[in-house]
Structure formats: C-alpha cells, structure tokens
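Chains as they are written, first to last, in numbering that gives the first Met the number 0: chain C, 0 to 204; chain Y, 0 to 993; chain V, 0 to 90.
Think of the hints as simulated: they come from the structure by calculation, not from any bench.
All C-beta atoms in this analysis are idealised placements derived from N, C-alpha and C, irrespective of residue type, glycine included.
Hints are supplied without guarantee of correctness; some may be wrong.
Stated by the list, open to error - Computed spacing ranges between beta-carbons, pair by pair: (1) Ser-49/V - Val-982/Y: 49 to 59 Å; (2) Gln-203/C - Gly-888/Y: 57 to 67 Å; (3) Ser-49/V - Gly-988/Y: 41 to 51 Å; (4) Met-545/Y - Pro-168/C: 38 to 48 Å; (5) Glu-232/Y - Thr-28/C: 19 to 29 Å; (6) Ala-92/C - Pro-798/Y: 14 to 24 Å; (7) Ala-106/C - Lys-727/Y: 55 to 65 Å; (8) Gly-796/Y - Gly-15/C: 39 to 49 Å; (9) Gln-203/C - Val-982/Y: 47 to 57 Å; (10) Gly-796/Y - Gln-203/C: 20 to 30 Å; (11) Thr-28/C - Glu-93/Y: 48 to 58 Å; (12) Ser-52/C - Ala-914/Y: 50 to 60 Å; (13) Gly-96/C - Glu-713/Y: 45 to 55 Å.
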Amino acid sequence: MAEIATSWRPRSAWAGIAQPGSFGAKGKTGVVATLLDGFGLATLIAEPGAATSLSRAVEGRLGIALPEMPRIVSGGAHDAIWAGPDQWLLRAALRDGFQPLLDELAAHAAVSDQSDARAAFRLQGPRTRDLLAKGVMLDLHPSAFGVGETAVTSVAYLGVQLWRLADGPDGPVFEIMVARSMAGSFWSWFTAAAAEFGCRVADQD
Amino acid sequence: MSGQPFRLASGGLVDRSRPLSFSFDGRSYRGFAGDTLASALLANGVRLVGRSFKYHRPRGILSAGPEEPNALVELRSGARREPNTRATVVELFEGLDAASQNRWPSLAFDLLSINGLLSPALVAGFYYKTFMWPAAFWEKLYEPLIRRAAGLGRAAGLEDPDHYEKAFAFCDVLVIGGGPAGLAAALAAGRSGARVILCDEDFRLGGRLLAERREIDGKPAAEWLAATLTELESLPEVRIMPRTTVFGLYDHGIYGAVERVGDHLPEPAPHQPRQRGWRIHAKRAILAAGALERPIVFPGNDTPGVMLAGAARTYVNRYGALPGREAVLFTAGDDGWATARDIAAAGGRIAAIVDARGDSDPARKALADKLGARLFAGGAVEGTRGGRHLSSVTIRDASGATTAVDCDLLAVSNGWNPTLHLTSHQNGKPAWDDGLQCFVPGTLPAGLSVAGSAAGRFTLVQALEDGARLGREAAADGGLTPAPLDPVPATDPETTGLQPVWRVKGAKGKAFVDYQNDVTDKDVELAAREGFRPVEHLKRYTTLGMATDQGKTSNLSGLAIMAEQTGRTIPQTGTTTFRPPYTPVAIGALAGHHRGKQFRPVRLAPTHDWSREQGAVFVEAGPWLRAQYYPRPGENDWQATVDREVKAVRASVGLCDVSTLGKIDIQGADAAEFLERVYINGWKALPVGKARYGLMLREDGFVMDDGTTSRLGEHHFLMTTTTANAGKVMQHLEFCHQVLWPELDVRMVSVSEQWAQASIAGPKARETLRGVVDHEHDISNEAFPYLAARAVTVGGGIPARLFRISFSGELAYELAVPAAYGDAMMRALMQAGQPFGITPYGTEALGVMRIEKGHVAGNELNGQTTARDLGLGKMMSSKKDYIGRLMAGRPALIERDRPSFVGFKPVDPSQRLRAGAHFIGIGKAAVMENDEGYMTSVAHSPHLNHWIGLGLIRNGAGRIGERVRAYDPVRNGDIVVEICSPVFVDPEGDRLHG
Amino acid sequence: MRITCPHCGARDAQEFTYLGAADPQRPDGMAATEAAMTEYVYLRDNPAGSHRELWYHGAGCHVWLVVTRDTHTHAIASVEAARARKAGAAA
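With the sequences and hints as input, model every part of the structure.
Below you can see the structure in the form of structure tokens.
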C-alpha cells in the first residue's frame, strides 16, 4: 500500500474548484477575480446592551470601531464587518496572532472562529457590476451602494456576504464571501455568468 | 433559390446589402437583414404558412407582431427545434430553417383537413360531449387520437444545448415599449437624470413609427426617431434594451422581462446565453406598449391573404414587402384608409374599399377615386374564395347586393385595442370606453402610468405628449428635478373615426373569432345557448383566448358576440383579466443557470476530495453529497462493500466523515436555560467537558430533531443537528430566542462550515487517535470517558475538538478540526490507523450500524412520531417547560396503541426485509383496517448475518416476541416477522465503554 | 415581493421565510391549559386585509420580523424586529 502523506497543511477553500488563469471571451478581461486565502475570520456577538463596550474594546485593540450599520470598517490588518444586529465579522489579513486576539475579545463578546468557514474573493474590472447583476438581487449602482457598504444576501440560491471597497482603476471593487461547502456551486454560477465578459482569475499577492 | 417577387425595389428598413438565405418547409428563399420570417415569406410570395389547430384549415399571416395567431412555425432543427414560434416576430438570420406545423403529409395537402368537413361535430364542447364514455377508452383511444390530431408543434425532445441566465436590474423609471410614446418618456426621464431602462420587444426601436409614413416637426418621423435614439444613447444612465419583452408586472414595482440575446442568431454567440430572464425593480414605470389591431369576424376571414390592415402597412413601409398586388380594404374606421394609401403608393392596386360606415364622407370618396378603388360605403365583406390563397372576396353593398371582387389581399381594419395587459396583472380591471369603443386601462397598479395608444390615446401627437409628460412626472416622483418640458412637436394630421363591426351576419361559412383555437361565431352562440355566458365560462367551454396568443386578436370579438347574444353591453358581459406572461416565455429564461446538476446548490464536505480519491460513491443528503460507500475491486455489489465496511468497524476501526452535521455555537449567560427550553431533557447539570444526547420537539409535541450537544464552557455549548435539519433547527432556535424569549442572553451562530469532523469508530479507535492527537492530551478511557467532549490539538498545535460519542455502538470518537485541515485530518487518521486496517465507511454502513444499535434517524424522525413513540419518553423532563411539552401530553399522543418503535427480524432468517412494508396480523386481510404500522428502516446485519428492521407498530413495546406479517404489495413481499428489541448488537453497551 | 428589513434594507421576498400570524403569544407551558396551548399552536385568523405576520430573514441578518401586510394588495405598512416588539411590550 502506498504511503499516505500526513503533513498537516491547510487546504484553501478554493482548492480543486478555482485556479489562476483565464476563462470566457477571448481577448477581453471584463472581470478580475482574486482568490483570497489565509485570512482570519470570527463572528463577534455582543452581550445584550453591551455593543458599545465591545466596540470600544475592539477599537482600543485594533483602532477600528464596530459599524452600527451594514458597513465594513477597515484599519491596518483588520476589518470589522457588520453581519447583523449586534453581530460582526472580524477579519484579519493573516492568521498569526488571530487566536490570541479572539481569546482577548471573548471577555466582551461571544466569539466564534470562522476562519475556515468561508471562501472569499475580490472582484474588479469594468464589467464587475454587469456580472454581479446576474446574481445579486440588490441595487449595486454607485449611488445606491456606496464604498464601505456591506450586505448579507443570496446569489444563485447561495448565501453570501459582499461589500464594496474603495474604487479601483476600473471602477467599483467588491469582495464576496460564500460558505465553504458551497464554493463549488458558487463557482459554477460565477464562471457561467462571467464568461461573456472574459475573466482572469488570480491568486492574492 | 427563388427571387423575391413581392419585394419592393426600394424603401423599408431592411438592409438590401445584406441578403440572407433561409428555408421554409425545405425550400430555399432569400430575404434581407432586418426582415422577420413573416416579411421574408411575404416578399417571396409565400402565403400559406400553417394549418389550423382543429379543422386544419390553411392559414396565412394575419399580423406583423406578437399577437399572431396563425403563422406559428417550428424553428431550427435537432435539439434547438422550437415549436409554435410566431413568424411575425422571428428575426431572419442566415440559414434560418423553419417548418410549418399541424399538417400531414404536407402543408398543401393535409389529410386531416377532412376535419373541416366534419366540423358540425367539432363545435365548442366537442371533446366534453364526445369523449365521455366509456371511461376506459380515454387512455387507450381518445387521448392518443386527440393528441395526434390536435397538437401544434413538436418539442425537440432533446436537452436544450443553450445556456440561459437570470439578471436583476434597478431603475428609477422603466419604460415599456419603444414607440413614440415610450421614446418621448425615456427622453424626458433621462434628461432629468433618472436611471431609465427602456425595453422593447422588437429588435428595432420605433414602434409604429417604423410602419407608418408620418411626419414630426414637418420632417419624416424617421429623423425624429434617429435624433431621439442618438440622444438616449448619449445619456449614461439610460439603458436601451431591444429584443426584451416585459412580460409581467408583480408586487412592489417588480417587472419580469425576457431578453432574447441570441434568438436572432443561428446559435448564441460564444459565452452568450440564448435568453436572459430579467427581474427589473422600478420605482416608476411607464407602459407605452401601443395597441393591437382588431380583425373583423366574417365568413372566410381566415383565408391566407386576409390580413390586418395595420400589418399590411407594416410589411409595405417597414419591410418593403408587398403583401398583395390586388388589394381590397375592409375597414370600420379611418385608420384602414392609410393602408390603402400606402399600398397604392408602393405600387399595389386597390381594387375596392369597403367602409362599413354608412355615411358617405366626400373626402373618403375623393381618396377612393384618387386610388382608383371602388368604394362600398356601408358595405361588408361576407365571403372569401381561394382556399389556400385568396383569389376574390364577396362584397355586400349598402343595398344588400353582392359583388365578387378579385384580389390577393384583403386588409381588415376594425380599430385598435390598447396593449394594456400589464395594467391587469395585479387584478386591475380594464374599463370600457364607449367613445373609443375599446377597453382602456382601469385602476392602475402603484407606480405605473400609461402613455399613448396603450392608454387609448391613439394619435401620434397624443403619444408624444403623454410620453414627455409622464416621463418628467416619473423622474420627479423619483426625487429628481425634471428637465424643462419642451413643446410637443407637431405632427401631420390624422383622424380616428371608427364604428367597429364585431361581425358580419347573414352569410354562410365559417367566421372565425379565435383563429388559433378555431373558435367561430357559431361556437360563441352555442356557448350562449348552453348557458356558458360569463366570460370565464365562455373561455373554458370554447377555448377562446387560450394558447400562445392568449386571445390578443379574439377576446374582444368574442365578448362582443356574447354581448349581442345575451342582449347586454360589452362591459356588462365582462372583461378579460390578463395574467402574466404577456407573450410566451421559455422555461429556460426563468430557470437560468439552475438546471440539471445546477438545479440547486450542492454542498461538499471539506473531506470530499479525499473521499473521492478513496473511490467513494456519493449520495445526496439534503443539499450535501455524502460518501455512501467505498467500493473496492472484486466487490460485486454495494451490499458486499457495506458488509465489509461494517465488519471492519466492529472488528477493528473505521473512518467516516460527519462534517455535514449542523453545528451551532451557543453562548451567553442563559445558554443552559435556553437549552432547557428547547430540548426535552435537562442541561443545567451537564458538566463542562461533557456531551449529551438531546431531543427537541415541535410545539405540537412531535419530534423535530435530535443530536449531541456539548458543554464547552460554563456559558458555551456546541449543538449538533442532523444533516437534513440544520437550517430548520437554526431558524427554530432564532425564533425561540427572538420571538419567544428575547430577554435571555443567548447568542448563536452556525459554525457548520468552520469544522471538518470525522467519526473514528471501532475497538481500535483510541489507538488510531493516539497517533493523531498531540501527546500532551490524555485520551485514555479514564481521562477521556464516554461522552467526554474537550478541546485538544492535533498535528502539533492545530486546535481541534474531540468528542467521545458513538452512533455505531462501538468505541467511537468524533474529531473536529478547522475545515482547512479536514483533508489532512483524514490522511493523518488513515496513516495512524493503517496498522489496524482502518477502513473508510460511508452513510450506508453508518446506517447499518445504527439500525443494529436501534438508534433512530431520519426515517423515524419523520414528523409523525413523538418521543414516547420512539422509546425516548423517559428523557422528557417533568420539572420544566419546553417546546412541545404540553401538546406531547395530549391523550391521543400517549395512548398505548399508538405505533411505537421496536425491532423486527424475519422468522425465516433467509428472507429479506423491506422498508415501507406494513404490519398486518397473521391471518388477517391486508386492508387498511388491519394496518398496524410499518417498517421504517432495514439493513442486512453482517454481525447477525440476516436482515433486521426497525419500525413502528401499534403498542410495539408490549408485543415483543409476537409475530406479524410484513406486507409489501409494491414489491410482492409478504413475510412473517418477529417483534423484538430494537437493539440487535451489544445491548449492554460493553463495546461503547471499552 | 420586496420586504424592507429594518436592518438590511429592501430585499427580495426570496430571502425570507414566512411563518404566520405574529400576535398569538405562547402561553407558559407549565401553567397553561391544553386548550390555551391548542389555540396558540393551531388556531389562526385569516383576515382579508391588514395582517401582522412573522417573517424570518434567513438569507440576510437572521432576524425575525413582524411585517404588517395587506393580504389583498400585498402592500406592506410596516416592518419591525420581533425582538423589539417584545421588548416594547414588556416596557
């Protein structure tokens, strides 16, 4: 029997689903999808009536206050993303030091690690909104969905959370997170929807 | 390849520099870019395009738009073959291949046209009256006969090779229709800065402007049209969507539309969908859908060559195709005269003009003279000749004398009906306008206004006026500052005099009301005589207004004749309530990407690829694909595989993914209290670091779900749910918290996706785990006893959770690691278990082992069982309230004779048990009254080497040892089984605690 | 249909799950009679017109909402969090 490798290497949520390269219409890049990996993610739920003190604790530690509206607040290596009333996702660019941070915050909130629970990617390119219009049942016109806004919604019958980052050279930039187990179904929709615009898939830098 | 004998030398909007070849019924023809199939057929002199539904009468092209009832053709071939497409809206493309329908063996010679001779038998209600008896004849004789005779087109019968998609749009102002009213509205709204979507079902914008010779501002209307389109295209927030039909109006400003992205191409362009179904959210919408012309009901009005006058004009002016060289006009109003004028201008001859109005207007007389046409004022057409191609019409003049006039085209004009369908989609009733003699929009749905002809404002100047005004208003409603109102441009004069003729009476022959369904005026009379007078009964009895055209050309005539028959007015007789869709919509456009394997999302466990490598066969479990079993070479069937997997677990150790179980993180000061209220058993005393089996009920007292919940901290629990109920349980818990007990401090979030989880089961489970769990964690039997649940680390510091719980009855653990390590965990366990012959097992083996142990699962938690039924009544706490407690105590739910949960074994051990078999007393008849319950789960137990079953039988627990029949008529099963304890293996639990 | 979630904004009805009338209050199971619980579990009015009903924003913020909807026209008069209503009632 062949020897089975036993290295405990983490596997990306996109492994076996999406890989760097191009697909769809030739000679055009209407959409660029950057696969995100290696981030830390946790749900924070404030104790009843204690959202403010939680926000202060996060601000004291990371310099970002928790948004009261559906928005993302970014600072340095962390983002605080509204995820429901009194509920946030805290995202760290890297896993290092994330667990100690969560342990600290557990004094102020119900903390649940979700670092491996989502597949995430960033979308940009001139046809980004046209692409998203094929699945997102929300008005993403710049006048209706501003920079820093987030929404928990569904795309192609899959739960997603998306938010808008600062515009890039080709206009709006979005990040989207989908449940890890549904990344394959999501990608099936995405590739079908993006093909006509021409899509480049990249790993994050 | 033939020429185009009826194509005008010049004029029209077809591109003569781009000839296209196409075929109809196997014959090749040529047309031009910009043609429809109908216009190209007419240009080639093809008049006969189909056979009618019931009588197989020859039919030609009646209209030039979506209302077409006759010219339905099959388009394309092979998998792309599409039946019942309207030739009048099919955009011509190179190589288009169309075929007529409903004829055999050929269009010109159709054997079933004999139905026309049998027509006295085929009147309204014919099917209901004729095919009633004997009942047995229906399936074998009547239905196949009717289906062969009466079908229209043939479906492809193959999988659609094209892709469809859905899309969502948002705007301030949606303009429906790109004619003069819609263009003016879009322009006014767009100039005000509104986000505008302008949809038109046509491939070219302009509406009737394309079909008429009109002037705006003293110049040809085409110039205004071009300038308007140029300006609209320059406005960044205006989106123009041709080939897009807004087919439905729904609640809260939502409109359904279908964009035919690739229908005008031989096949969709690479990476493009064939069609795109849009859901458009509009703050305001303007319906500018124009109007549909009405035919006149007279004998022979279906002969190919009889055409709506407005359509004839469209073919001449827009397509440069002459629908006939010798035309007769039969009109009830002023509008038809434009057709005579335009045909004459294009070089056709006007043989006669029959104006049903008795007054003799000198201007009309002068025009008839100028056109060289005989004028029959106060006359009527009462017959046609020619069969497959109109050759003459019989005209009855005002004095009653009849004259035959040779012609190859009869243009018919009876006024127009506003295309108000969408105003009716939210139950709005159209209102009768006695002055206009048509229905106009009644109460409008919120956010919708109606402009131009769709509102019964039929003149060009009214269309321009309405559009400009309503476009501004809509923008202002959206909070924008409307652009200044430009003066409405002047147009050339037009008159709209009309005295509609609902039918020509007193002549012989079939006069069609509904062409598509072959409903004649006589059928409407019959319906009236037989009492089917309300308009909805009329429709159902005669089929008037059904099928692809939904009565666009027939509803009003039918209503008018019913009114005449019953001595009522048209509004007293009824109205038509239109429902979506306005025109047929392909299912593909509604489904979009979601068909076949993409019908719904599929969830894959983090260990999925590993399972696939191991050769797993997967099974759908709710949205999940789970490994069902892992066949190995030499195993003949799944049974052999499953037996091997079960034996391996019971003898040594097995490995199974359980990541799909729902996992809910429950925290907060009142977390334990919350669990007390949602589970039937107690939770406050559960020590930290321990797991407990929990059962929850619905409020009606029946079991909802079960699972193991562990206490990770004083105020921190991890609940697991069954795979199938994870979402439902989460929703239920949120309900309990937010709606019932918001005062509790309990904070929940699903962590199902975060953890990969595996079950390691069998006598060698601990030894296997020892090779994976980091060494500082003591997992000995003493330190980590049954139901222990604690955080550990694996792989040198990776956080993990270990639970000593068992579904199989063996010594077993569940190990959870962050999902990214799921794949690595399986490989590590395989390596650690290699010395013991560790065996991956799937849901089948899992099922066998739980049946051997008498554990309930989905088959028993079926929404009809109580905790007591399942033998779990002892878990029900009497010290506290919990969801379902009171209702579970209802007398009928606690009576002794309820079916309750027990085991079953065949008396003859060689016999196979079947799930679903019903229990009947031995010697009793297999009838409902003797039904005592049924088998819920069965398995072949490799341990016992015979089949075992679990089931629900009346007073089961009190009947251990008794024998009953397990009766399974579906699979011819009828065997004797013995009622036994549901625990077949290790009833003392020695293995579990080992 | 669109429902304006007080937390997430206007959303397609597809994101929500309907439960039923919002006003029946669950009796205390230890104190209530079987009749009272039966009424709570099974008996509902079916008004033609204004109806206060529970909707769960399962594809969004997971909040249970009380939606006041006209069953004739589907016009929605108000949407509030069920939790807020209960807190208000207790105050």
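Hint by hint, here is what the structure shows:
Separated by about 55 Å at the C-beta atoms, Ser-49/V and Val-982/Y satisfy the suggested range of 49 to 59 Å. The hint said 57 to 67 Å for the Cβ distance between Gln-203/C and Gly-888/Y, and at roughly 58 Å that hint holds. For the hinted restraint 41 to 51 Å between Ser-49/V and Gly-988/Y, the CB-CB distance of approximately 58 Å leaves it violated. As the Cβ distance of Met-545/Y to Pro-168/C is approximately 56 Å, the hint placing it in 38 to 48 Å is violated.
A beta carbon spacing of about 25 Å between Glu-232/Y and Thr-28/C agrees with the range 19 to 29 Å that was offered as a hint. The given range of 14 to 24 Å is respected by Ala-92/C and Pro-798/Y, whose C-beta atoms sit roughly 20 Å from each other. At roughly 33 Å, the beta carbons of Ala-106/C and Lys-727/Y sit outside the given window of 55 to 65 Å. A C-beta distance of roughly 26 Å is found between Gly-796/Y and Gly-15/C, which places it outside the suggested range of 39 to 49 Å.
Separation of Gln-203/C from Val-982/Y is about 53 Å and conforms to the stated range, judged on CB atoms against 47 to 57 Å. Remark: the range hint 20 to 30 Å for Gly-796/Y to Gln-203/C is upheld by a beta-carbon distance near 25 Å. Thr-28/C and Glu-93/Y have their C-beta atoms about 31 Å apart, which leaves the hinted 48 to 58 Å range violated. Between Ser-52/C and Ala-914/Y, the C-beta spacing of about 56 Å keeps the proposed range 50 to 60 Å intact.
The beta-carbon spacing between Gly-96/C and Glu-713/Y, approximately 26 Å, falls outside the hinted interval of 45 to 55 Å.
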